[in-house]
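Position chain B relative to chain A; hints supplied.
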Amino acid sequence: MIKPRLLKFFCTTLVIFFSAVTFAEDDDKLQFSGFARLVLGYLDDKDANYLDYDNSIRIDKESLIGLQLDYQALDNLAFTGQLIGHTDKNRDSGIEWLYLTYTPTKKLKFKLGRQRTPFLNYSDVIDVGYAYPWATLPQQTYPRHFFSTFDGAMVSYEIPGKEFSLNIEGYWGYFDEDIVVAERTVNAKTTNFSGLIGHINYNNWTFRGSYHQGRTDVELNDLSEFSEILAQFGFNQSAESLKTVGLTEVFQLSANYENVNYFVRAELNHIQADFVFVPDSDGYFLSAGYHYYPFSSYISYSKNKADYDQAANEIPIGLSPLLDSLAFSYQAIFNQLPVDSSEAFTLGTRWDIQPGLALKGEISLIKGQGDDRAFFTVNNPEFGRKALLYLLALEWVF
Amino acid sequence: MQSFIRLMILIFCIFCDMCYARETILIVANIDDKAMKLTRQEVRNIFMGGTSPYELTAIALPIENLTRVLFNTRVVGLTESRIQSYWAQMKFSGRKRPPRELNSEQLVISFLEENQGAVGYLPAHVDIPSDLTVIFEMK
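Top line first, the protein sequences correspond to chains A and B. Going by my numbering, the first residue of the first sequence is number 8, and it counts up by one from there. Going by my numbering, the first residue of the second sequence is number -6, and it counts up by one from there.
Excised from the complex, chain A in its bound form (with noise of 0.2 Å):
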């Protein structure tokens, strides 16, 4: 039996579609495209789960729809929407962007609005499957709880050259919104966000940089109610490492080749966060493919090691009672945190059906070590961090 989730789901798919060739007809300057994604995903251990995929064939994860309404109101002057529905529960559908673009100059353009925070190389079209060949983005170099939309301003700057051309992006936010860390769903509010990107272009080669802050403050209230109770104490190291306001910091480089025979595309990032939940951690993916059309095969390995800051060591034990409660429940906060070091190796391969339709199958192997989480949820603690992820998505752009 089809769940009233996944039922809603294909009749916004119709709706959406229909709405879109209808009004797409009307008007030159009103323009509805969009894209969609069926992810059916198994994963094969029965201790664990994987991206929320467990040891039965699930659809309602990933699967997804976007509509994007574009308005050319002057020349110079554009106006952009995006909806996106999820069948993931846990993932907000609604209004993922919407922005308006001005373009004095051919290379020059500002955009004013909610739009999606491009840490990454694929972050902004993180779900928009068809424009990358895998099924899925790596979890370890694109972890899902970190990509979300900001509000601000963006300006870009095209320079074409003779033998490259070199983009540059500069953008300026916040955001305040719910966010996933540590098993936690909490408020985190970012401000003074920020971030500079350099895109070049050398002949078959994408090279990508950017630089990413903002100072976000987390709402944990029980966490800075025993910061508090821990300064009173005077601990003060104790009671600063527990700070739910401070610096997030991300570093990105991503070189890609690609040509009508192969490509190659790797990307590493660093994050580095100021918090006691948020783990710096670094990660990087290396995938090969070769295509023989109309099907890409390829091969892909990805890791990422997180690395959470050391607790401070000043509560003495075994001289109170009290003191000793003090530092059990300090410890138990740092005990307790997940660590999500893993590393994937994927083989998949793309069948380009017709242009905007794609179909993909891949085959993932994911590894943790010892007690890490590893990006699971484990269901079992005799789980031995090793599980194969199997996905199949249908990939529609419109």
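No wet-lab data here; the hints were simulated from the structure. Virtual Cβ for every residue (Gly too), placed ideally from N, Cα, C. A hint or two may mislead.
[Said to hold, decoys possible] Pairs of lysine-lysine residues, derived as DSS-like cross-links and limited to a Cα-Cα distance of at most 30 Å, are as follows: (1) B/LYS30 - A/LYS169; (2) A/LYS169 - B/LYS89; (3) A/LYS114 - B/LYS30; (4) A/LYS113 - B/LYS27; (5) A/LYS36 - B/LYS30.
[Claimed, not checked] Which residues of chain A face chain B? A partial, calculated answer using Cβ under 8 Å: (6) SER40; (7) PHE42; (8) GLN75; (9) GLN79; (10) LYS113; (11) LYS114; (12) ARG123; (13) VAL132; (14) VAL135; (15) TYR137; (16) ALA138; (17) LYS169; (18) SER172; (19) PRO362.
Just chain B now, kept in the frame of chain A:
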């Protein structure tokens, strides 16, 4: 006999296809500077949604057109499916839009003649009007 005819048709088609694959691709523009020449990188950038110092606007042919296939593989250096993926990334990240498409080479020539700054790709066997300029040639 029927099998022989089919075989001959197949050989003829393969031969024609091979001849076509060797066809020179011309990048033709409506510009005042008749001496202007672009590099392959500049042409690639213009047709992939980028800009040029000369304020040129790209015009493309439809997906199934053979000239487009040759242009993609020899000038852009990507397959059509990869170019479609690229446009999905550009369009849904609000960065670039694909060039306007016209249905035939003849429509491209007419459009180029009527629009200053327009640039398109054409096969070498097509007659290029004298008021248009060849700015790049891919043999």
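Exercise for review: Mind listing which of the numbered hints don't hold for this structure, in increasing order?
Suggested key: Hint check: 5 and 9 fail, others pass.
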